[in-house]
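J.: Protein chains in written order, with the working numbering: chain A, 1 to 429; chain B, 430 to 851.
In short, the hints are calculated from the structure, not lab data. As the structure is a computational prediction, the values presented were derived from the model and not from experiment. Take the hints with a grain of salt, since some may be wrong.
[To be verified] Taking lysine-lysine pairs in the DSSO-like style, the calculated list, with each CA pair at most 27 angstroms apart, reads:
1) B:K749 / A:K200
2) A:K99 / B:K749
3) A:K105 / A:K27
4) B:K518 / A:K99
5) B:K518 / A:K164
6) B:K570 / A:K108
7) B:K749 / A:K94
8) B:K646 / A:K99
9) B:K749 / A:K164
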Amino acid sequence: MNEFKILGEFFFSQLLGKPIYDKSGQKIGKIRDMAVCWDGSYPQIVGIKYARHTQELIAIEQIESCSYQEVRLREKFQREQTVSLEESHIYISKWLLDKQIIDLKGSKIVRVNDITLSWVTQMDHQRMILVAVDIGVRGLFRRLGLEFLFNSYKNNLLGWQYIKPLESWNSNLQLNHEKQQLSELHPADMADLIEDMDYKRRADFIDNLDDQQAIDALAEMDLESQVEIIEQMDEQRASDILEEMAPDEAADILVELTAEKSEGLLKLMEDDDAEEMRELMQYEEGTAGSLMTTEFIAFSARLTTEEVINQLRKLAPEAETIYYLYVIDQEEHLLGVLSLRELIVASPSAVLQDLMHTKLLTVKPKDDDQRVAEVINKYGLLAVPVVDEENVILGIVTVDDILDILIPERGKFDAYSWFALSKRGGRGR
Amino acid sequence: MTTIKKSLSTRFGFFFAVMGPGVVTAFADNDAGGIATYAAAGAKYGYGLLFTVLISSICLAIAQEISARTGAVTGRGLSDLIRELFGVKWTFFAMTVLLIANIGTTASEFSGIATSFEIFGISKYISVPIMAFLVWWLVLKGNYSRIEKVFFMLCATFLSYIVSGLIINPPWGEVVLASVTPTFSGEGEFLMMAIGVIGTTITPWGQFYIQAAIVDKGITAKDYRYTFWDVMLGAFFTWLIAFFIIVATAATLHANHISIETVKDAAMALEPLAGKYASILFSFGLLGASMLAAFILPLSTAYAVCEAFGFESGVSKTSKEAPVFFSIYTALILLGAGIALWPGLSLYKVMLASQVVNGVLLPPILIFMVLIASNGLIMGKYANTTWYNIVSWTFTIVLIFLTLLLLLSAIAPSVLDFFIGR
Numbered sequence: 001m002n003e004f005k006i007l008g009e010f011f012f013s014q015l016l017g018k019p020i021y022d023k024s025g026q027k028i029g030k031i032r033d034m035a036v037c038w039d040g041s042y043p044q045i046v047g048i049k050y051a052r053h054t055q056e057l058i059a060i061e062q063i064e065s066c067s068y069q070e071v072r073l074r075e076k077f078q079r080e081q082t083v084s085l086e087e088s089h090i091y092i093s094k095w096l097l098d099k100q101i102i103d104l105k106g107s108k109i110v111r112v113n114d115i116t117l118s119w120v121t122q123m124d125h126q127r128m129i130l131v132a133v134d135i136g137v138r139g140l141f142r143r144l145g146l147e148f149l150f151n152s153y154k155n156n157l158l159g160w161q162y163i164k165p166l167e168s169w170n171s172n173l174q175l176n177h178e179k180q181q182l183s184e185l186h187p188a189d190m191a192d193l194i195e196d197m198d199y200k201r202r203a204d205f206i207d208n209l210d211d212q213q214a215i216d217a218l219a220e221m222d223l224e225s226q227v228e229i230i231e232q233m234d235e236q237r238a239s240d241i242l243e244e245m246a247p248d249e250a251a252d253i254l255v256e257l258t259a260e261k262s263e264g265l266l267k268l269m270e271d272d273d274a275e276e277m278r279e280l281m282q283y284e285e286g287t288a289g290s291l292m293t294t295e296f297i298a299f300s301a302r303l304t305t306e307e308v309i310n311q312l313r314k315l316a317p318e319a320e321t322i323y324y325l326y327v328i329d330q331e332e333h334l335l336g337v338l339s340l341r342e343l344i345v346a347s348p349s350a351v352l353q354d355l356m357h358t359k360l361l362t363v364k365p366k367d368d369d370q371r372v373a374e375v376i377n378k379y380g381l382l383a384v385p386v387v388d389e390e391n392v393i394l395g396i397v398t399v400d401d402i403l404d405i406l407i408p409e410r411g412k413f414d415a416y417s418w419f420a421l422s423k424r425g426g427r428g429r
Numbered sequence: 430m431t432t433i434k435k436s437l438s439t440r441f442g443f444f445f446a447v448m449g450p451g452v453v454t455a456f457a458d459n460d461a462g463g464i465a466t467y468a469a470a471g472a473k474y475g476y477g478l479l480f481t482v483l484i485s486s487i488c489l490a491i492a493q494e495i496s497a498r499t500g501a502v503t504g505r506g507l508s509d510l511i512r513e514l515f516g517v518k519w520t521f522f523a524m525t526v527l528l529i530a531n532i533g534t535t536a537s538e539f540s541g542i543a544t545s546f547e548i549f550g551i552s553k554y555i556s557v558p559i560m561a562f563l564v565w566w567l568v569l570k571g572n573y574s575r576i577e578k579v580f581f582m583l584c585a586t587f588l589s590y591i592v593s594g595l596i597i598n599p600p601w602g603e604v605v606l607a608s609v610t611p612t613f614s615g616e617g618e619f620l621m622m623a624i625g626v627i628g629t630t631i632t633p634w635g636q637f638y639i640q641a642a643i644v645d646k647g648i649t650a651k652d653y654r655y656t657f658w659d660v661m662l663g664a665f666f667t668w669l670i671a672f673f674i675i676v677a678t679a680a681t682l683h684a685n686h687i688s689i690e691t692v693k694d695a696a697m698a699l700e701p702l703a704g705k706y707a708s709i710l711f712s713f714g715l716l717g718a719s720m721l722a723a724f725i726l727p728l729s730t731a732y733a734v735c736e737a738f739g740f741e742s743g744v745s746k747t748s749k750e751a752p753v754f755f756s757i758y759t760a761l762i763l764l765g766a767g768i769a770l771w772p773g774l775s776l777y778k779v780m781l782a783s784q785v786v787n788g789v790l791l792p793p794i795l796i797f798m799v800l801i802a803s804n805g806l807i808m809g810k811y812a813n814t815t816w817y818n819i820v821s822w823t824f825t826i827v828l829i830f831l832t833l834l835l836l837l838s839a840i841a842p843s844v845l846d847f848f849i850g851r
């Protein structure tokens, strides 16, 4: 009873420009565009734009038959029966066809070559539904009138559930399920998407992410893109985001900005965060000092395992890594280190002093990144502490910070190229 | 290692301050075909084409400004915008135009490479395949951006034409007068030379490239005023070099009734400066310019086409992930090198002909550009003003007219004679 019956399936590109006749056989106009309402459970066509300079549409209910040759109306055409375009409706030729959209299934940006529509009837009620967009080569050649060359190819259709149009439509079109699907993307995929967008869309897109999503995505980008995005962002938001990022990465970004801009952002931060950034910003690029984070976990040597585990629960969310626990004295001299595993298997009453290793591998803040990479690589560490001349611990460099040096990303132009167009191809996968 | 990198980047820092995409494009524009065309123009018509060079440089400034502004305001490439505004069919047309023009230009770059090696007695059958492979490999697998500096420095040797021109000390009064006096002839060869000069100064690929470079470097409408001057400076450089090549070749070759048979003859104009080392100096410059353009031309073409049709692109992708991108890139290099290697084909003619092809194919691209830049929906308050549109349309129409004249002179010389009343 509730069943759909399909009356016809159409490629939108093949309907465009086809004549519209009313019951009396009079030609009303041509199919110039169609308006779709994206609000309901699925996108439905609400009306057909039939003439150039009008926002009045022929309501879809008026249509008696539809084919690739012509469209016929049920009654005699009367202007009073047209419907007007509402705010939540969009034109699909103007805003969707040929445009870039986010393919939420493959999490990449694709171009719409065609749109498929389905003409269905349900309990004597006829509707036209936007079923999918065509992002394949066959769709492209259909537009050129050369589809026959690609008849053996399958159409590469992407269901409407999986698309997110990029154009800045009304915000009420940002449906909840889209937001949810976006939040389910891996931050690295999201980063790729954002890097592929032009700067206006980027700004729109990032405005719609919450802070945590923005931070996660930003952390996955290369420095050049990070800097660009922070530069274009609203100052207050930029400083909030930088504060929440790993301090070493935030400091790297701040160093790349103009002095004026970075000073402005630092002023908006909380005092101790700003202080920490300023310290990190002093180190030259490519040294252990610039790579290190100051968010490591250190304890006094006199604590017992049980006390440490309790404290760890509180500290863990902030720290970059909890797999190594550093042991320090009152003046923050580095005394020893132990791993999380060693901590957990030890008896609850054991004191750190007795558990820690005192033979330490450390680097100095001025050591270059190659040396840091060598130490981490050779000894198979997850992190290495950075200490000054007096053996006071300043921070740690974790393995993910030097991964780029150990395994360079494929085919990447470095930032000094004048001629090559790098960005769109810039990221590794 | 790190320290070397650092000092290199600071040393180049100065260039960065001066060189934006506008100046960079200008340097890439004075490629093998450009040098050949200017030299031929100077040798054959003396100072006669200086006026054409001036006008086409002004038009270059306008065209590049339009592309740069569109890039900065929209953050999108030219092919992207053509696709979104004009649909698949027009995009297909524009990309076909771009591909044909760029196959020609790539062939002329490889001809330039072949010529620069021939000066040292190395056959083109050895140099071209090796350099073609090198270009292909360095961009996709190697470290292209390091080697780029070397070729860029080599390019700078073309500045020696300025020195040479000054040493020759031509009759400056006559030169200045020729630069501002409109000279025209309906003769097929003159037309071809004039279109060649325009086609080498303003290229379809240059328009796509500068817009992509602006987008790539993240320049936005906010920073556009710097870019404006950068573009103007670039156009000025293009004019300066073209001007002195013509002056130098006119004063040395044309004055002595020596016509250019091969590009190597263009080196003779450097003799006042470098004496017997002139041809070595020339070959270095030619190699630098040709290699630079051979690197970026196929790459920027592949980007433009993929952007328009929504194919995956990027040098960091594998050929499986981005098959179309890699096919176009590779095919352009193969075709370009293949044409340059064609037995019996004069390298010099390839260079000249490709510039004429560029000139003929330029108007359609210009039309797209001007239409986009005057579209208020896209450009907002940065859209073309009325007088700007008048200038751009006039230039486009003049170029179309010249192209038609050229075609006419090739098909039916007598009809043409009738029209211009000879």
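J.: All hints, please: hold or fail.
T.: Hint check results:
no.: 1; hint: B:K749 / A:K200; result: violated (31 angstroms)
no.: 2; hint: A:K99 / B:K749; result: holds (25 angstroms)
no.: 3; hint: A:K105 / A:K27; result: violated (42 angstroms)
no.: 4; hint: B:K518 / A:K99; result: holds (15 angstroms)
no.: 5; hint: B:K518 / A:K164; result: holds (25 angstroms)
no.: 6; hint: B:K570 / A:K108; result: holds (24 angstroms)
no.: 7; hint: B:K749 / A:K94; result: violated (33 angstroms)
no.: 8; hint: B:K646 / A:K99; result: holds (23 angstroms)
no.: 9; hint: B:K749 / A:K164; result: holds (26 angstroms)
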